[in-house]
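2 protein chains.
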Amino acid sequence: MFDCGEGVQRQIIKAKTGFHKKMKVFITHMHGDHLLGLPGLIQTMALLDRQRRLDVYGPLGVVDFLECIKKTVQFSLTFPIEIHEIEEQGKICEEDGYFVETIRSNHVIHSVAYAFVEKPRPGRFYPNKAKLLDVPEGPLWSKLQKGHQTELPNGRIVKPEDVSGPSRPGRKIVYTGDTRPFRQLTRFARGADLLVHDSTLDDTLTERAEDDGHSTPSQAAKNAKKAKAKRLVLTHISARYDDTSVLLEQAKKTFDNTVVAEDFMKIEIPLPEN
Amino acid sequence: MFDCGEGVQRQIIKAKTGFHKKMKVFITHMHGDHLLGLPGLIQTMALLDRQRRLDVYGPLGVVDFLECIKKTVQFSLTFPIEIHEIEEQGKICEEDGYFVETIRSNHVIHSVAYAFVEKPRPGRFYPNKAKLLDVPEGPLWSKLQKGHQTELPNGRIVKPEDVSGPSRPGRKIVYTGDTRPFRQLTRFARGADLLVHDSTLDDTLTERAEDDGHSTPSQAAKNAKKAKAKRLVLTHISARYDDTSVLLEQAKKTFDNTVVAEDFMKIEIPLPEN
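If you're matching them up, the sequences are chains W and L in order.
Heads up, the first sequence is in this note's numbering, so the first residue is 99 and it goes up one at a time.
Heads up, the second sequence is in this note's numbering, so the first residue is 99 and it goes up one at a time.
What the hints contain is simulated information worked out from the structure, not anything from laboratory work.
Check each hint, because a few of them may be wrong.
Since the list gives no way to pick out one identical chain from another, each pair is judged satisfied if it fits inside one copy or across any two copies.
Unchecked claim - Here are the simulated lysine to aspartate or glutamate pairs, DMTMM-like style, with alpha carbons at most 20 angstroms apart:
id	residue 1	residue 2
1	Lys112	Glu360
2	Lys112	Asp341
3	Lys328	Glu192
4	Lys112	Asp340
5	Lys114	Asp340
6	Lys328	Glu347
7	Lys120	Glu186
8	Lys112	Asp361
9	Lys227	Glu165
10	Lys326	Glu199
11	Lys217	Glu193
12	Lys168	Glu347
13	Lys350	Glu360
14	Lys323	Asp291
15	Lys241	Asp194
16	Lys122	Glu185
17	Lys257	Asp354
18	Lys229	Asp260
Since this is a predicted model, take the numbers as computed values, not measurements.
Generate the whole structure from the sequences, applying the supplied hints.
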């Protein structure tokens, strides 16, 4: 979960996501609207007897915040919480299938952006090649498909690349959090399958957006284009816009494959084939 | 506002109550589901440039809570907040038309209940009596109606009781917060026009309710009856009840004028005539 605004637990109930899953929360900055859902989320998890560890990543201050909530709002935990205060840019966590990177962004207080990056998947498996090399169907195929070299009954070694195409990239999702446009984003978001970008105010309010540490649709779209992202999601839209089509139009002039984020929106990101 | 759970600001927007009005918040106890809406509410008020003072009343700990939120979640205030930690039972605030009283309740942590009590209104005004005493219609009538004695142009003093019936009681609303049944409530809620009572679990789970510091519908109804309250609202219903009619039926066996609280429910409480 990237950022955790007030009411998250209610949305999780509506979305039927569940409170017991493996989960990491990544906070971009210490403003209430990105943070104040955390205490209630944790409390509800505890009420529902969650056992799994919860990892929380965020800028300096997130430890103090959770400590003081724990001290003043009395609740007992049923599961461990590990809080990671981010001190440096770069990779902050790595799991089997993915890692998460962070970079400083440019808001009115210290803030970071995040990239969720899937690791490359083994290349496409060619059964015909396996058959030609006399690899017997079954566990050995599966081992090769998962990218491990294997020894045949006759003693010969077969490597994954002997029976598969080149490894295929995973997916990459970048979430800027609240930010003005910043130069380093281009490299950070390079080739992202999805770029979720601050777009608080429309282009006619560019100066106000700059003052408040936010971006406009055109700026978000330019960043998506420069980074060669595949899709753009405009988010953190100001409550002043009952109708967000004005923002969408402004972005689409520069970057067509854009949508405006909505509650409970689902976006399917296909696995790239090369 | 009595208690301030997560998501209050969203509900205020939906209910169109506004963020700029004169307002006092009364917290019953330091559990997150009664408290965690406060930071976001305050932050949104500041964003909307509220100027009026906000008063927050609550048990020991509410100062620490707001202080640590202010320190860790960075926001700047546009209005003063006065936090009142309740140390003793009795009257905790008094305004022109009403006062608020508190009493210790009986939850798993320190907790209080509140009574909102309107002051008596001047008695019904009788124009005929005023005319008989030669009070000229206009400002002097209005002064007498508001309960002030007045001097006629001829020098005679007329008292409100000369031209009005006996003073009429105001309304009384009692909110228990989370609590097991407790003896002192009967006197505290005596004659309440509305008693809003904890009714977390239904009667078949009385033991569990006792363990968790809550009440059942029958217990709430008995309290309403003993206190001679006029109406009862069951609140803090556990999320396990999709259908709350079972709770309502259990309460109605003892106290018929009962409803189950719902989001955005409005209840009109008529001004009593005597």
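To see whether the hints hold, each was checked on the structure:
no. : hint            : in the structure
1   : Lys112 x Glu360 : both (14 angstroms within a copy, 18 angstroms between copies)
2   : Lys112 x Asp341 : between (24 angstroms within a copy, 17 angstroms between copies)
3   : Lys328 x Glu192 : neither (24 angstroms within a copy, 61 angstroms between copies)
4   : Lys112 x Asp340 : between (23 angstroms within a copy, 14 angstroms between copies)
5   : Lys114 x Asp340 : between (27 angstroms within a copy, 16 angstroms between copies)
6   : Lys328 x Glu347 : within (18 angstroms within a copy, 57 angstroms between copies)
7   : Lys120 x Glu186 : neither (25 angstroms within a copy, 46 angstroms between copies)
8   : Lys112 x Asp361 : both (10 angstroms within a copy, 16 angstroms between copies)
9   : Lys227 x Glu165 : neither (58 angstroms within a copy, 68 angstroms between copies)
10  : Lys326 x Glu199 : within (18 angstroms within a copy, 63 angstroms between copies)
11  : Lys217 x Glu193 : within (9 angstroms within a copy, 64 angstroms between copies)
12  : Lys168 x Glu347 : neither (45 angstroms within a copy, 38 angstroms between copies)
13  : Lys350 x Glu360 : within (17 angstroms within a copy, 43 angstroms between copies)
14  : Lys323 x Asp291 : within (12 angstroms within a copy, 64 angstroms between copies)
15  : Lys241 x Asp194 : within (16 angstroms within a copy, 80 angstroms between copies)
16  : Lys122 x Glu185 : within (18 angstroms within a copy, 41 angstroms between copies)
17  : Lys257 x Asp354 : neither (42 angstroms within a copy, 78 angstroms between copies)
18  : Lys229 x Asp260 : within (11 angstroms within a copy, 111 angstroms between copies)
In summary, the structure is inconsistent with hints 3, 7, 9, 12, 17 from the numbered list given earlier, while agreeing with the others.
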